[in-house]
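Here the protein sequences line up with chains A and B, keeping their order. Residue numbers for the first sequence follow this note's numbering, so the first one is 1 and each next one is one higher. Residue numbers for the second sequence follow this note's numbering, so the first one is 1 and each next one is one higher.
A few of these clues could be false.
Claimed, not checked - Output of the computed footprint for chain A on chain B, the stretches with three or more beta carbons under 8 angstroms from beta carbons of chain A:
| no. | segment |
| --- | --- |
| 1 | 23-29 |
| 2 | 256-266 |
| 3 | 378-392 |
Claimed, not checked - One side of the interface only, derived from the structure: several residues of chain B facing chain A at Cβ under 8 angstroms:
| no. | residue |
| --- | --- |
| 4 | Gly16 |
| 5 | Trp18 |
| 6 | Leu33 |
| 7 | Leu47 |
| 8 | Gly48 |
| 9 | Ser49 |
| 10 | Phe51 |
| 11 | Pro53 |
| 12 | Ile729 |
| 13 | Ala731 |
| 14 | Leu732 |
| 15 | Asn735 |
Hints are computed from structural coordinates only; laboratory data are not their basis. C-beta atoms are modelled at their ideal positions from N, C-alpha and C, and glycine is treated no differently.
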Amino acid sequence: MRNFHLVHATTFSTGLLLAAGLPWWMTAVFGALAGWLWAKSNGQGFWGGFVGALLLWLIFAVVRDVDNEGILSTRMGALFMGLPRWGVLGITGLLGGLLGATGALTGYRARVWWQAKQA
Amino acid sequence: MRLPFEQTLYLRPMRGLWFALSLALTGGLVWLLHTPIPAGQQRIPALGSFFNPFSGFWRNAEPAEGPQMPAEVRLSGLRGRVEVVYDDRLVPHIFAEHLEDALRVQGYVTAQHRLWQMDLAARRAAGRLSEVLGERTLELDRLTRRRGLPYAAENALRGWRRSAEGMRLLEAYCAGVNAWIEQLKPADYPLEFKLLGYAPEPWSPLKTALIVENMAETLCGGENDQLATAALEALGRATFDQLYPEWNPRQQPIVPDTGQWRSIRGTLNPAAPPGRDKRLSAWPIEEEYIRGSNNWAVAGARTDNGAAFLCNDPHLTLSLPSIWFQLQLHTPEMNCYGVSLQGVPGIIIGFNEHVAWGVTNGGHDVADWYRVQWADAGRTRYVVDGQEQPVEWRVETIGIRGRAPLLDSVRYTRWGPMTYDHQPDHPLHDCAFRWVTHDEPDPSEMRSFLFLNLAKTYDNYREAIAHYEAPAQNFVFATRSGEVAITVQGKLPARRYEQGRFVLDGSQSASAWPGFIPNEHLPAQRSPTRAFVFSANQHSTPPSYPYYYTSRDFDDYRGRHLYDRLNALQRANADSMASIQQDNFSQRAADALPALLRLLDRNALNAQGQQWAAELERWDYRYEATSTAAPLYEVWFDTCYLRTWDEMLDSTGEKQTLLLPERWRFIELLDKDPTNAFFDRQDTPQRETARDIVTDAFRCMQAFFEKNPEKRTMWAKFRPVSIRHLAQIEALSRNVEVGGHNTALNAQTRTHGPSWRVIVELSPDTVRARGVYPGGQSGNPGSRFYDNLLDTWAKGRYHDLFFLKTPEELPEAHLFTRQTLLPR
Numbered sequence: 001m002r003n004f005h006l007v008h009a010t011t012f013s014t015g016l017l018l019a020a021g022l023p024w025w026m027t028a029v030f031g032a033l034a035g036w037l038w039a040k041s042n043g044q045g046f047w048g049g050f051v052g053a054l055l056l057w058l059i060f061a062v063v064r065d066v067d068n069e070g071i072l073s074t075r076m077g078a079l080f081m082g083l084p085r086w087g088v089l090g091i092t093g094l095l096g097g098l099l100g101a102t103g104a105l106t107g108y109r110a111r112v113w114w115q116a117k118q119a
Numbered sequence: 001m002r003l004p005f006e007q008t009l010y011l012r013p014m015r016g017l018w019f020a021l022s023l024a025l026t027g028g029l030v031w032l033l034h035t036p037i038p039a040g041q042q043r044i045p046a047l048g049s050f051f052n053p054f055s056g057f058w059r060n061a062e063p064a065e066g067p068q069m070p071a072e073v074r075l076s077g078l079r080g081r082v083e084v085v086y087d088d089r090l091v092p093h094i095f096a097e098h099l100e101d102a103l104r105v106q107g108y109v110t111a112q113h114r115l116w117q118m119d120l121a122a123r124r125a126a127g128r129l130s131e132v133l134g135e136r137t138l139e140l141d142r143l144t145r146r147r148g149l150p151y152a153a154e155n156a157l158r159g160w161r162r163s164a165e166g167m168r169l170l171e172a173y174c175a176g177v178n179a180w181i182e183q184l185k186p187a188d189y190p191l192e193f194k195l196l197g198y199a200p201e202p203w204s205p206l207k208t209a210l211i212v213e214n215m216a217e218t219l220c221g222g223e224n225d226q227l228a229t230a231a232l233e234a235l236g237r238a239t240f241d242q243l244y245p246e247w248n249p250r251q252q253p254i255v256p257d258t259g260q261w262r263s264i265r266g267t268l269n270p271a272a273p274p275g276r277d278k279r280l281s282a283w284p285i286e287e288e289y290i291r292g293s294n295n296w297a298v299a300g301a302r303t304d305n306g307a308a309f310l311c312n313d314p315h316l317t318l319s320l321p322s323i324w325f326q327l328q329l330h331t332p333e334m335n336c337y338g339v340s341l342q343g344v345p346g347i348i349i350g351f352n353e354h355v356a357w358g359v360t361n362g363g364h365d366v367a368d369w370y371r372v373q374w375a376d377a378g379r380t381r382y383v384v385d386g387q388e389q390p391v392e393w394r395v396e397t398i399g400i401r402g403r404a405p406l407l408d409s410v411r412y413t414r415w416g417p418m419t420y421d422h423q424p425d426h427p428l429h430d431c432a433f434r435w436v437t438h439d440e441p442d443p444s445e446m447r448s449f450l451f452l453n454l455a456k457t458y459d460n461y462r463e464a465i466a467h468y469e470a471p472a473q474n475f476v477f478a479t480r481s482g483e484v485a486i487t488v489q490g491k492l493p494a495r496r497y498e499q500g501r502f503v504l505d506g507s508q509s510a511s512a513w514p515g516f517i518p519n520e521h522l523p524a525q526r527s528p529t530r531a532f533v534f535s536a537n538q539h540s541t542p543p544s545y546p547y548y549y550t551s552r553d554f555d556d557y558r559g560r561h562l563y564d565r566l567n568a569l570q571r572a573n574a575d576s577m578a579s580i581q582q583d584n585f586s587q588r589a590a591d592a593l594p595a596l597l598r599l600l601d602r603n604a605l606n607a608q609g610q611q612w613a614a615e616l617e618r619w620d621y622r623y624e625a626t627s628t629a630a631p632l633y634e635v636w637f638d639t640c641y642l643r644t645w646d647e648m649l650d651s652t653g654e655k656q657t658l659l660l661p662e663r664w665r666f667i668e669l670l671d672k673d674p675t676n677a678f679f680d681r682q683d684t685p686q687r688e689t690a691r692d693i694v695t696d697a698f699r700c701m702q703a704f705f706e707k708n709p710e711k712r713t714m715w716a717k718f719r720p721v722s723i724r725h726l727a728q729i730e731a732l733s734r735n736v737e738v739g740g741h742n743t744a745l746n747a748q749t750r751t752h753g754p755s756w757r758v759i760v761e762l763s764p765d766t767v768r769a770r771g772v773y774p775g776g777q778s779g780n781p782g783s784r785f786y787d788n789l790l791d792t793w794a795k796g797r798y799h800d801l802f803f804l805k806t807p808e809e810l811p812e813a814h815l816f817t818r819q820t821l822l823p824r
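All chains should be modelled from the sequences, with the hints used to inform the complete structure.
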């Protein structure tokens, strides 16, 4: 469990520090880094990366949305199949989470493979 | 001991496979989120780049109080310090020490708030929409280019370049736009760039020329030549003259005949132009012309405090972002407030400390078709006066997103481009397009509005507009000393009688326009004894004006009613002016409905029909939002009109083969000639009269509402108004329920309407103004300033405009932010 927390904390904090100004897909790289460093199983990697990146994207989006009083998220919701405001936030978090999850899983599997190669 | 790589994989194959699978999963997800998804004609943006909160659409969610702007900005090329004060409606008030700096900052702030709109308008006129929107706009781009819009813009720029001073100012404006673009990171791009997946380009003087041509295309690109030609050939001269008179005797022209034209020798006397075209073909039924505007100025003799009033409400396509951007420009030589067009320096409709001005569209036909006589089968040479001449080729390269560009070779003749020569079945296949906008303009044309911004007197006003060419406008004017004036200004062909009303013979040089109406002969009026001047896109003059001119669509009703309203004014004030702008009375309904009711056979109606006829009898001809009679009349009148002119339609009834007579003439025939042969329907054995048409149309109207009971409602719900986002994105558009009609002074249709209502009061003591437009100053859908003025507009209210003398004069309660721009 400790490692799960370390995975999501690392994904979240590296994103917090570095995401602005970098391409969006770097979220997967942050996840990969966290997965490489801390994950001890596929589940820890995937779900740790998912939670860390979901929080990263969601918190950034919620801060902007609250500051904006939902003007844009309401319009974007109407653009995407009439989603409500929270639905737009949900998709944002989900997309970030999936990127972090697959990234962290890949990082973990890369480490396992690399360690096997070293053995 | 370390094992070789291949052996590791062999010994631990599952680990390598797991890694490869997870890597493929991540790569696949990134690819999926990086790829736009086609959805029919639309395109869903790449979800990863669009939804991510670091550079996607969330970055366009600006704070609810408004955009954050730095207090200080360094701008290359500035000569001095510039202060920009934004009021609480996000209107920038620009205070500069030099005119050039003011325009540079105008470019900068306009791009800051409306960059995507500028890009789209320039692309539209350049025929470059397909580069970003793909094949769905290919035909539009192709037609735009074949009509010669980019060619016209290049010629305009060539003309402007002959004025070094004008170009210096234009280049300062463009540099301001580019200064904003250059500092943008992809995360900062306006929302639409992210939605459509492309990046802004640098601005240039050519793009400004394209914006001007775009407006010309909207306002003076139309004509009826082919349909009128077909009607003349099919019906014969006598019937043609009976159905299509050019002058409505009940009209009130912009400039009356007071004997001022007696000494001018023009083209009034009929002299048939050479040859006419004989082809017949079916064209989609054109919607009634719905672009237009009102403007007027009232002198102090008719107002309660002796002040003069100038009012303007241009009726254009209502869009989000709005077509207009408000601003104030203050320099040592001027202090000017008004609305600007994105991409064009200066203020188009506005006022300064001395004068005010406004515009409506002149509406004159300045576009003709010339049928070309080819000298060879390959159509590379054509004949004029028996002499062969080669065509010139212009190759248009149309970029198309997702596929190879289309190379389109367009023939240019001495008359202009062969617009439809790629469509063998098109009735104008062999015709060249002659359009005044293609001509290289006077070098000073670009500065006409800047000179107006600087004007202090009537003479300044006349000098300012003297070089203005297209689209021809009715420039209304007023001064603080109470003087009012109006001038019909533009480059108008001095046509022979009926020249340009029909397709012309391109094989004779005598078919060319003999020249242009000299400025001193253009209709103008200064401080008339009636103490007002006005225009509503109607005829510029009565038939006694010595030059022949024609139009597809001079207004027939707003001008009459506006004249009546202004003529009745006593002790007027700003509220009286507002009531005229919002007047929903339809002169056309007042002309037509009594005749329709008189002709209606009541005995043929059931109880419901009798009831609705009685409701129509009580109607006051006002298209108020709450009127339930207006929809009944609207459907009834339109049905009568189309049923009468079945001779002009094809067998489907959906396309016209001949020009449809104007509605005022139709009403005149209903009223005075109800047994006219055209009331007889083609598809019945018996002979109908107007009475039969009117009664039958009433029953059809009744059946329509009985079949669609949800439509039996008030006018504003029957005819909802949609203010569309420029990319036609529903989620970024707004619908409103308001009154008005295109025949009322409040000329509101489903898509067009008063795009800027302004009332300026000018007296020796003060200049003050109120105004509103249906939108907001920001082009960002993530801003509260995107549509914050819309509800005020829909309620028929106005905002008092802050016309400042100093940056400090704006009350703190109305201050949004201040920004200082300094030379870099």
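Going through the hints against the structure:
Interface restraint, the segment 23-29 of chain B with chain A: holds (4 residues with C-beta to C-beta distance below 8 angstroms; minimum three). With a cut-off of 8 angstroms between beta carbons, the segment 256-266 of chain B has 0 residues touching chain A; three or more are needed, and the interface restraint is violated. Check result for the segment 378-392 of chain B against chain A: violated, 0 residues qualifying (beta carbon to beta carbon below 8 angstroms, three or more required). Satisfaction of the interface hint for Gly16(B) is found here, the shortest Cβ-Cβ separation to chain A being roughly 6 angstroms, below the 8 angstroms cut-off.
Checking Trp18(B) against chain A: minimum C-beta separation of about 5 angstroms stays under 8 angstroms; hint holds. Taking 8 angstroms as the C-beta cut-off, the interface hint given for Leu33(B) holds, the closest approach to chain A being about 7 angstroms. About 6 angstroms separates the beta-carbon of Leu47(B) from the nearest beta-carbon of chain A, less than 8 angstroms, and the hint is met. Below 8 angstroms, beta-carbon pairs count as interface contacts, and Gly48(B) has one with chain A at about 5 angstroms; its hint therefore holds.
With its C-beta approaching chain A no nearer than about 6 angstroms, Ser49(B) sits inside the 8 angstroms limit, and its interface hint holds. Nearest Cβ of chain A to the Cβ of Phe51(B): about 5 angstroms, under the 8 angstroms cut. The hint holds. A hinted interface residue such as Pro53(B) counts as satisfied when its beta carbon comes closer than 8 angstroms to some beta carbon of chain A; here the least separation is about 4 angstroms, so the hint holds. The beta carbon of Ile729(B) comes within 7 angstroms of a beta carbon in chain A, closer than 8 angstroms, and the hint placing it at the interface holds.
Given hint, Ala731(B) at the interface with chain A, holds; its Cβ is 4 angstroms from that chain's nearest Cβ, closer than 8 angstroms. A least Cβ separation of about 6 angstroms between Leu732(B) and chain A falls short of the 8 angstroms threshold, and the interface hint therefore holds. Violation of the interface hint for Asn735(B) is found here, the shortest Cβ-Cβ separation to chain A being roughly 12 angstroms, above the 8 angstroms cut-off.
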